[in-house]
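Q: Listed in order, the protein sequences are those of chains A and B.
Quick note, the first sequence lines up with residues 3 to 354 if you use our numbering.
Quick note, the second sequence lines up with residues 3 to 354 if you use our numbering.
Which copy? The list can't say, so a pair holds if one copy fits it or any two copies do.
Each computed DMTMM-like pair below joins lysine to aspartate or glutamate, with the alpha-carbon atoms no more than 25 Å apart:
1. Lys-263 / Asp-335
2. Lys-246 / Glu-201
3. Lys-257 / Asp-336
4. Lys-263 / Asp-336
5. Lys-257 / Asp-193
What the hints contain is simulated information worked out from the structure, not anything from laboratory work.
Only a predicted model underlies this, so the values are computations on that prediction, with no experimental measurement involved.
2 protein chains.
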Amino acid sequence: MREPEAYSGQDGWTRGNGPEADVVLSTRVRLARNVADFHFPARLDDETRTRLQARMITAIDDAKLADDVRHEDLTQSNALHRQLLWERNLISREAMQSKGVRGVSWSPAKQFSIMTNEEDHLRIQALRAGLATAEALACALEVDTRLDARLEYSWSPQLGYLTACPTNVGTGLRISVMLHVPALVQTRQLDKVNKATAEVGLTVRGYHGEGSKALGDVIQISNQRTLGSSEAELLETVQTMLVKVVEYERLMREKLLAESKTSVEDHIWRSVGTLRHARKLAMEETLGLLSAVRLGINLKLLPTMGLDAMNELVVLSQPAHQQSLHGKAMDADDRDIARAAWLRDRFKPESN
Amino acid sequence: MREPEAYSGQDGWTRGNGPEADVVLSTRVRLARNVADFHFPARLDDETRTRLQARMITAIDDAKLADDVRHEDLTQSNALHRQLLWERNLISREAMQSKGVRGVSWSPAKQFSIMTNEEDHLRIQALRAGLATAEALACALEVDTRLDARLEYSWSPQLGYLTACPTNVGTGLRISVMLHVPALVQTRQLDKVNKATAEVGLTVRGYHGEGSKALGDVIQISNQRTLGSSEAELLETVQTMLVKVVEYERLMREKLLAESKTSVEDHIWRSVGTLRHARKLAMEETLGLLSAVRLGINLKLLPTMGLDAMNELVVLSQPAHQQSLHGKAMDADDRDIARAAWLRDRFKPESN
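One chain only, chain A, in its complex shape (with noise of 0.2 Å):
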């Protein structure tokens, strides 16, 4: 079995170093502009829209945001490469499923990606371990001045960056941040913090932001609207929720160690025998007993296992990578049998 090539768990946002990694996976700061004097994507002809397509690629280039950016034609690639950089958070479901003239430039070592030509021109996406609200927005904006300077955004005093969808206009920002709460889920606590969150303007999502359902006990939370408030006044909302969503999710924790420790360990125990010996697993299912065995190791309840090898696993289990891993394509009984295998292999006994 081998890597897809460009996509290792190199990425630096995917490893388990970060700030308040126990709780906080990962986060995502996005900038949506436009180039003035362009419709919005949507709304452009397929000549007009290569057109600023190169102009932006230039753009890009010529900022010289890092030493190693990459892009990638998103109308040339198949589906499945797409699918892939979609799992890790590279590109948009848009991105990955619309047709059009579009493309994707991104740098690991500075752990950014900028869509074009996507619901807006331009989708600039700084994504960062743990919780990293402060550092991922500077990242972004640092990308943000550097394009400013090569492209006009559309801009208006009134009301700021203007945008396709007007849920963006304003800062145009979104902070989005993932969290592991299988505390929080298993006391039932999600309608708490989905009604806080609500009372500051936040909303709460799943992994890919589909739905509200909490797979694999993860849940995203992200500022609603950008209209109104400054980039420090949304980062101020966000982190200043976060950090007590998290001290709420390590109460739960030691709660639930406290009152049940043996249905704890029975769970996440009985979850690394599923790991061991199932041979068919649907990511869903796989979702839940991965989210089982970080508990696990978050709690001190199993043996030492990386939370950056957890965070990759999560990503290669999902199904274009399983299938880059494996070197076809599968339909999904396919898939869940070599996850299956896949995943017995790397949680057999002697491996730990």
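Using the hints, position chain B against chain A.
A: What follows is chain B alone, placed relative to chain A:
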């Protein structure tokens, strides 16, 4: 951990080497008999009951049924010990739970037991591994003949043997066969089996006879009435049906393997994983897991483990046996924890 001395896996009927052992766990033949000129046990006063009990024990001794006949006065045994005998199928639930003077005599070598002052004065049981209806019946009838020579039975020329419950009047014979039918359960064929058996006057029940729930995929098929048929006719009816059910189970196993081998393997290996890793295991779940392992052995999907070892695991997993093995009384939670630890030890990868 120690084995309960008198009830170790040496009892022949738990052996895995009987006829049709891939499907049939054990055969039990029971004869209900009463001594003439005494009321049925429920209507006997203590004094008479004690006197009758002594007379029956003397008859059992005089009959020289086997070299290793043991007597146990169930009035003197503690509840845990009686439960142990019940879990081993040496006594009935009634003999375990009722209050009056009563006992059990049994021979490990010849694999019979005689309950005295149960629902009837005498309940003669012969137990055998596998499908061995004729052999078990012969054993029970031999015990019966020898006791008959020493105790005058309550008998009517019109009705046959008279018993406390009308359903046992006639031959007083019940033939019960315990089958492991995971494939019939999984392919939802049990209703068909229920219907077919009912048509010939047989009935299907669960492991300990209660309800119709097939705990651990085990069912018990037995004749319902004893009046109006000879012993030979009842034997023929049971045997003929049993051969059909055994064949049907084998057919469904082949079907499962042919149509969904990976799912079968997945189920079996996950069960092994749970047995190797769980920290709490209730009896009901344990029976399901052990059922999967037994199926895996029979389908040659698991490395060899003797079927007799499997039978022993089922018996020893039961609540009273677990308490005996661990040498202390335990509540349900503690038993589940102890059972899981004990099974982890039995299933650890090294020992397979």
